[in-house]
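J.: The chain contents come next:
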Amino acid sequence: MSQIPALIPTSLLLASLVALLVGLKSHRAAHLIALAGAVVAFVCSLLGLQAVIQGDGEAIRYAMGAWVPPIGIEFVLDSLAAYMVTLITFIGVMVLIYAPRSLAFETPGRQGMVYPSMTLVLAGLVGMCLTGDVFNLYVFLEIAALAAYALLAIGDRGAPVATLRYLLFGAVGGGFYLLGVAYLYFAAGTVNMADLSMRLPELMESQAVIVAAVLMVVGLGVKMALFPFHLWLPDVYTNAPSVSAGLIAPIMTKVSAYAIIRLFLDVFPPGFFTESLPIATTIGWVSAAGIVFGSVLAIAQHDYRRMLAYSSVGQLGYIGLGIGLANPLGMIGGLLHILNHALMKGLLFMIGGAVRLRFGTTKIPEYVGVGRAMPWTMVAFTVGVLAMVGIPPTAGFFSKWYLLLGAADAGAWIWFAVIIVSSLLSAIYFFRVVEMIYRDPETDSAVADHEPREAGEAPASMFWPITIMATAVMAVGIFNVLIVSALLERIVAPLGG
Amino acid sequence: MTSRFESVFLFVVARAMVPLIQVFAFYVITHGHYSPGGGFQGGVMLAASIILLRVSMGDESYERFPREAGIVIAGFGALAFALLGFMSMLFGGNFLEYALAVPGMGADELRYWGIFFAEVFIGFLVWGALVAIYDALETGGVE
Chain A
1 MSQIPALIPT SLLLASLVAL LVGLKSHRAA HLIALAGAVV AFVCSLLGLQ
51 AVIQGDGEAI RYAMGAWVPP IGIEFVLDSL AAYMVTLITF IGVMVLIYAP
101 RSLAFETPGR QGMVYPSMTL VLAGLVGMCL TGDVFNLYVF LEIAALAAYA
151 LLAIGDRGAP VATLRYLLFG AVGGGFYLLG VAYLYFAAGT VNMADLSMRL
201 PELMESQAVI VAAVLMVVGL GVKMALFPFH LWLPDVYTNA PSVSAGLIAP
251 IMTKVSAYAI IRLFLDVFPP GFFTESLPIA TTIGWVSAAG IVFGSVLAIA
301 QHDYRRMLAY SSVGQLGYIG LGIGLANPLG MIGGLLHILN HALMKGLLFM
351 IGGAVRLRFG TTKIPEYVGV GRAMPWTMVA FTVGVLAMVG IPPTAGFFSK
401 WYLLLGAADA GAWIWFAVII VSSLLSAIYF FRVVEMIYRD PETDSAVADH
451 EPREAGEAPA SMFWPITIMA TAVMAVGIFN VLIVSALLER IVAPLGG
Chain B
498 MTSRFESVFL FVVARAMVPL IQVFAFYVIT HGHYSPGGGF QGGVMLAASI
548 ILLRVSMGDE SYERFPREAG IVIAGFGALA FALLGFMSML FGGNFLEYAL
598 AVPGMGADEL RYWGIFFAEV FIGFLVWGAL VAIYDALETG GVE
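From first to last, the protein sequence lines stand for chains A and B. The numbering of the first sequence is our numbering, which starts it at 1 and goes up by one. The numbering of the second sequence is our numbering, which starts it at 498 and goes up by one.
Source of the hints: derived by calculation from the structure; they are not laboratory data. Quick caveat, the model's predicted, so the values are computed rather than measured. Treat the hints loosely; a few may be bogus.
Covered stretches of chain A (chain B as the covering partner; in silico rule of three or more C-beta atoms under 8 Å from a C-beta of chain B) [unchecked claim]: (1) 57-64; (2) 423-437.
For each label pair, taking beta carbons as the anchor points, the in silico distance ranges come out as [what the hints assert, rightly or not]: (3) A:172 with B:565: 44 to 52 Å; (4) B:597 with A:55: 24 to 32 Å; (5) A:392 with B:630: 46 to 54 Å.
Far from chain B, some chain A residues (derived; all Cβ distances over 12 Å) [unchecked claim]: (6) 2; (7) 6; (8) 9; (9) 73; (10) 169; (11) 185; (12) 186; (13) 235; (14) 285; (15) 300; (16) 356; (17) 479; (18) 486.
Note that beta-carbon positions come from the ideal geometry of N, C-alpha and C, so glycine has one too.
Whenever a hint applies, use it, and build me the whole structure from the sequences.
T.: If you want it as structure tokens, here you go:
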């Protein structure tokens, strides 16, 4: 049990390395190994989650190589980390089950190297969540980012250029973060998070610490695609293969958001992001701008994936708004939205891939008749849409509800209005797709019939992950009280209230 | 690389240099755990020797060091390193603690050999990865 914090990332790393060697000969075997690694990591995450909940939020601490922190690197599995790694590994398992058929269609002949990269992305992301060391977080951030560039660049014709732009943005973001860590180390003499949180209260006036905080938040903001830094995101998601987008869109940007929340709650002293520096408020305002901007631009898109990408810009704003509110209810909303949005966006990207497999298109106007050809997949799609718009009892409603409560609590009425308006905007852009899907080409002469490449539902290996994700969207909505009381309330305890 | 620059000097000097570079690389790797050097530095030298072969011999070098070898060596090195870390977990220690139960060996000696093997595997990893990067750049990434 005490080995769990190390087992989660290392099982993924091990699977990635074995899959790399095996993938030279057979991509099927590589797929099975990658899937096995992800399943092991998911089971370990669940065990860890259970241990943390039963231990009343007591963190499981793990010294890598038995070097005692703060000299060695420490892994900390606390409520927040357990919440994140369970989510990441769950999405990883689902996407890995889904992957082979979609990849065979979209990127034939290149599957061998995809599976090691996918597990490496997962390993990097769980590492970011588990580590208790701000420098080690940077290392895992780069592991995840480099593997993600490889995954995203194998897509359509525009993918290499879009990914190169992401690489430049990502390198700048990572560099800002690293520079911030360096300043923090100069000021406090340690990079261990627990140690930092002890030493930083005395150094709150230090200019080095102020610069460090700003640099780290800006760097992570670029990685998170916070509003003015979102420029890389739409092109990357539009050109990536459905599998890469389905893996990276739900979790990659969220983990950077997690890192900001971790810095906010556990590393810097209470009040540092809210009273000493207006960091939280700034994040809140740019997020509010991003919500409106992303939602409006999503309405203008004709490509399904591009619409989802802009919708992601908006949805990430909700998480940023949760950080910006900086009160327990708002933060619970932001954290819950990490989970909800990961499930919803993963679901919608997976459905996009399934439709592409059957119909060979990603253009929304060509989606006519999809509803009749793939009825059950479209039921899942409708669940995803209802969740994105925020209709109870789907998951999306509750995170917005907590955010609204938080905004009302803080008296932030402009943000309150932004949340409501953007829900209406997302209803506009998603119901446009729903309308296309359920149009009947035989009775409706205004639309041309679009013949499917192959008839029928998506193949079972794609259909079941989609179904499970749709069920999870419902389940998280219905059981959100359990999640909030068992985990999230404990996480936001440093905010008081 | 499709053609090579025909030069006797280049060819002879490269052939003489490669073994020397490799011997020195092994020295750097195997002494890395108690003196300056180590897996990274030695691995880079090993990779440099292979790249020197690639540059001087052209296509012939692929017969001696095939294109896939780079990624295989890198994968093997990383995998062996990870297994070394896992082994100590099987014996109840932490990841990479080198807490194996080897009869007749104290904790200090275990750590000595643990770091030694870690350096060797890192050497393999860096060697293979750099050659693989060179090969990928040379062919423009086309498989």
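J.: All hints, please: hold or fail.
T.: How the hints compare with the structure:
1. With 3 residues carrying a beta carbon less than 8 Å from a beta carbon of chain B, the segment 57-64 of chain A meets the three-residue requirement, and the given coverage holds.
2. Using a Cβ-Cβ cut-off of 8 Å, 0 residues of the segment 423-437 of chain A lie near chain B, which falls short of the minimum of three, so the contact claim is violated.
3. Between residue 172 (chain A) and residue 565 (chain B) the CB atoms are about 35 Å apart, so this pair departs from the stated range of 44 to 52 Å.
4. Judged by the Cβ atoms, the range 24 to 32 Å given for residue 597 (chain B) and residue 55 (chain A) holds: they are separated by roughly 30 Å.
5. Taking the beta carbon of each, residue 392 (chain A) and residue 630 (chain B) are about 52 Å apart, inside 46 to 54 Å as hinted.
6. Listed as a non-interface residue, residue 2 (chain A) fails to keep its Cβ farther than 12 Å from every Cβ of chain B; the least gap is roughly 9 Å.
7. Distance to chain B contradicts residue 6 (chain A) as a non-interface residue, since its nearest Cβ pair spans about 4 Å, not more than 12 Å.
8. Look at residue 9 (chain A): its CB is around 9 Å from the nearest CB on chain B, not clear of 12 Å, so calling it non-interface is violated.
9. Some Cβ of chain B comes within 12 Å of the Cβ of residue 73 (chain A); the nearest lies about 10 Å off, and the non-interface call is violated.
10. Its beta-carbon lying about 22 Å from the closest one in chain B, residue 169 (chain A) satisfies the requirement of being farther than 12 Å from that chain.
11. Even its closest Cβ contact with chain B, about 22 Å, leaves residue 185 (chain A) beyond 12 Å, as expected for a residue assigned away from the interface.
12. The non-interface label for residue 186 (chain A) is consistent with chain B: the shortest C-beta to C-beta separation is roughly 26 Å, beyond 12 Å.
13. Every C-beta of chain B lies more than 12 Å from that of residue 235 (chain A), the closest at about 20 Å, which supports listing it as non-interface.
14. Against the 12 Å criterion, residue 285 (chain A) stays outside the reach of chain B, whose nearest CB is about 43 Å from its own CB.
15. For residue 300 (chain A), the condition that its CB be more than 12 Å from all CB atoms of chain B holds, with the nearest at approximately 35 Å.
16. At roughly 24 Å from the closest C-beta of chain B, the C-beta of residue 356 (chain A) stays outside 12 Å, upholding its exclusion from the interface.
17. With 12 Å as the threshold on Cβ separation, the claim that residue 479 (chain A) sits away from chain B holds: the shortest Cβ distance comes to roughly 34 Å.
18. Chain B leaves residue 486 (chain A) outside its interface by the beta-carbon criterion, the shortest separation being 28 Å against a cut-off of 12 Å.
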